[in-house]
Amino acid sequence: MIRHGFSVANLEKRFAGHSDFPLTDIGRLQAEKCAEALKDEHIDAIYASDLSRAFETAIPVAKAHSLTVIPHKGLREIFAGEWEGKSFVELDESYAESYGTWKTDIGHAHPDGGESVAELYSRILTTLGEIAKENEGKTVCIATHATPIRSVCTAAKGGKAEDMSKISWTPNASISYFEYENGIFTAVQTGIVDHLEGICTSLPSNV
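Quick note: the sequence shown, position 50, residue 205 per my numbering, numbers continuous.
Worth flagging that the hints you see were computed from the coordinates, not collected in a lab. C-beta: ideal position from N, C-alpha, C; glycine also. Watch out, some of these pointers could steer you wrong.
Listed next, with one range per pair, are the computed distances between beta-carbon atoms [as the list claims (entries may be wrong)]: (1) Asp195 x Glu334: 31 to 39 angstroms; (2) Lys315 x Asn290: 21 to 29 angstroms; (3) Gly229 x Val343: 35 to 43 angstroms; (4) Thr223 x Lys321: 19 to 27 angstroms; (5) Ala251 x Asp195: 47 to 55 angstroms; (6) Thr223 x Glu291: 30 to 38 angstroms; (7) Ser221 x Thr341: 36 to 44 angstroms.
EDC-like mimics (lysine to aspartate or glutamate), calculated; alpha carbons at most 16 angstroms apart, straight line [unchecked claim]: (8) Lys194 x Asp349; (9) Lys218 x Glu248; (10) Lys228 x Asp175; (11) Lys228 x Glu245; (12) Lys258 x Asp199; (13) Lys288 x Glu336; (14) Lys228 x Asp195; (15) Lys218 x Asp260; (16) Lys293 x Glu334; (17) Lys168 x Glu248; (18) Lys228 x Glu211; (19) Lys288 x Asp199; (20) Lys194 x Asp175; (21) Lys218 x Asp199; (22) Lys168 x Asp247; (23) Lys218 x Glu187; (24) Lys228 x Glu285; (25) Lys293 x Glu336; (26) Lys228 x Glu270; (27) Lys288 x Asp260; (28) Lys312 x Glu334; (29) Lys315 x Glu274; (30) Lys218 x Glu196; (31) Lys321 x Asp260; (32) Lys258 x Asp349; (33) Lys168 x Glu274; (34) Lys293 x Glu196.
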């Protein structure tokens, strides 16, 4: 799993959610670095969230393996409702209680008018289970977002959505390896950034 590269929302410190912010120049360079890091890996298929920042991150990896990126709405970031596209400053000012929960106890967070983290957690695990079933015995690369990857990391630790605050965010364009068998995720290595060579970026609350 690859977290998308540095996006315009990251640059502007906005809560992206389902809003379709593209990658920045740094984000596109990070995507190329991911492709270089994975060029010798055996990859049978590559899926991505259909939001630009994730889909664009997947394209160089797909090209390196002569594959076509398969878009999947189920891999999207959390739908943030009233928070969509708003700056972190705006969220702190206008949604102090609910956004405060996001920052301190994310597993119980629920963006106003949007999808709860528990709903996101269930959606992501269901989506990945379906992808795994379609690709039995294969190696799949998935480009997605911060909270989906944090959800998988939580599941791999045996946790549920409410335990997510115990798990760290992974940086932009980081690579995480998981095994999936009999409905269970096992983390092999997560949050790898060595390939980014000094252009690692991470804004913990920004998805």
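Results for each hint:
Separated by about 19 angstroms at the C-beta atoms, Asp195 and Glu334 break the suggested range of 31 to 39 angstroms. As the Cβ distance of Lys315 to Asn290 is approximately 25 angstroms, the hint placing it in 21 to 29 angstroms holds. The supplied range of 35 to 43 angstroms is broken by Gly229 and Val343, whose beta-carbon atoms lie about 23 angstroms from each other. The given range of 19 to 27 angstroms is broken by Thr223 and Lys321, whose C-beta atoms sit roughly 37 angstroms from each other.
Checking the proposed 47 to 55 angstroms range against Ala251 and Asp195 shows it holds: the Cβ atoms sit about 48 angstroms from each other. Roughly 20 angstroms separates the CB atoms of Thr223 and Glu291, a value that falls outside the hinted 30 to 38 angstroms. Taken as a hint, the range 36 to 44 angstroms is violated for the pair Ser221 and Thr341, whose Cβ atoms sit roughly 29 angstroms apart. Distance hint between Lys194 and Asp349 is fulfilled; the C-alpha atoms sit about 15 angstroms from each other, no more than 16 angstroms.
A distance of roughly 43 angstroms separates the Cα atoms of Lys218 and Glu248; the hinted pair therefore is violated under the 16 angstroms criterion. A distance of roughly 12 angstroms separates the Cα atoms of Lys228 and Asp175; the hinted pair therefore holds under the 16 angstroms criterion. Of the pairs offered as hints, the one joining Lys228 and Glu245 is violated, with about 27 angstroms between alpha carbons and a cut-off of 16 angstroms exceeded. With a C-alpha separation of about 37 angstroms, the suggested pair Lys258 and Asp199 falls outside the 16 angstroms cut-off, and the hint is violated.
Between Lys288 and Glu336 the alpha-carbon distance is near 10 angstroms, which keeps this suggested pair within the 16 angstroms criterion. Taking the CA atoms of Lys228 and Asp195, the gap is near 28 angstroms; set against the 16 angstroms cutoff, the hint is violated. Annotation: proposed proximity of Lys218 to Asp260 is violated, straight-line Cα distance about 39 angstroms (limit 16 angstroms). With a C-alpha separation of about 11 angstroms, the suggested pairing of Lys293 with Glu334 holds against the 16 angstroms cut-off.
Straight-line distance between C-alpha atoms of Lys168 and Glu248 comes to about 14 angstroms, which keeps the hinted pair within the 16 angstroms bound. For a cut-off of 16 angstroms, the pair hint linking Lys228 to Glu211 stands: about 15 angstroms separates their Cα positions. Of the pairs offered as hints, the one joining Lys288 and Asp199 holds, with about 14 angstroms between alpha carbons and a cut-off of 16 angstroms not exceeded. For the suggested pair Lys194 and Asp175, the alpha carbons sit about 28 angstroms apart, so the restraint of at most 16 angstroms is broken.
Annotation: proposed proximity of Lys218 to Asp199 holds, straight-line Cα distance about 13 angstroms (limit 16 angstroms). Note on Lys168 and Asp247: the hinted pairing holds, with a Cα-Cα distance of about 12 angstroms set against a maximum of 16 angstroms. For the proposed pair Lys218 and Glu187, the alpha carbon gap of about 10 angstroms is at most 16 angstroms, so the pair holds. Between the alpha carbons of Lys228 and Glu285 the distance comes to roughly 13 angstroms, so the proposed pair stays at or under 16 angstroms and holds.
With a C-alpha separation of about 12 angstroms, the suggested pair Lys293 and Glu336 falls inside the 16 angstroms cut-off, and the hint holds. As the CA atoms of Lys228 and Glu270 are separated by approximately 14 angstroms, the hinted pair is consistent with the 16 angstroms bound. The hinted pair formed by Lys288 and Asp260 fails the criterion: a straight-line CA distance of about 32 angstroms is larger than 16 angstroms. The hinted pair formed by Lys312 and Glu334 meets the criterion: a straight-line CA distance of about 13 angstroms does not exceed 16 angstroms.
Among the hinted pairs, Lys315 with Glu274 is consistent with the structure: their alpha-carbon atoms are about 11 angstroms apart, no more than 16 angstroms. The suggested pairing of Lys218 with Glu196 holds, with an alpha-carbon distance near 13 angstroms, which does not exceed 16 angstroms. Simply put, Lys321 and Asp260 have alpha-carbon atoms about 9 angstroms apart, close enough for the 16 angstroms limit, and the pair holds. This hinted pair does not check out: Lys258 and Asp349 have alpha carbons roughly 27 angstroms apart, beyond 16 angstroms.
With a CA separation close to 24 angstroms, the supplied pair Lys168 and Glu274 exceeds the 16 angstroms bound. A C-alpha spacing of about 12 angstroms is found between Lys293 and Glu196, which places the hinted pair at or below 16 angstroms, so the restraint holds.
Consistency with the previously given hints fails for numbers 1, 3, 4, 6, 7, 9, 11, 12, 14, 15, 20, 27, 32 and 33, ordered from lowest to highest.
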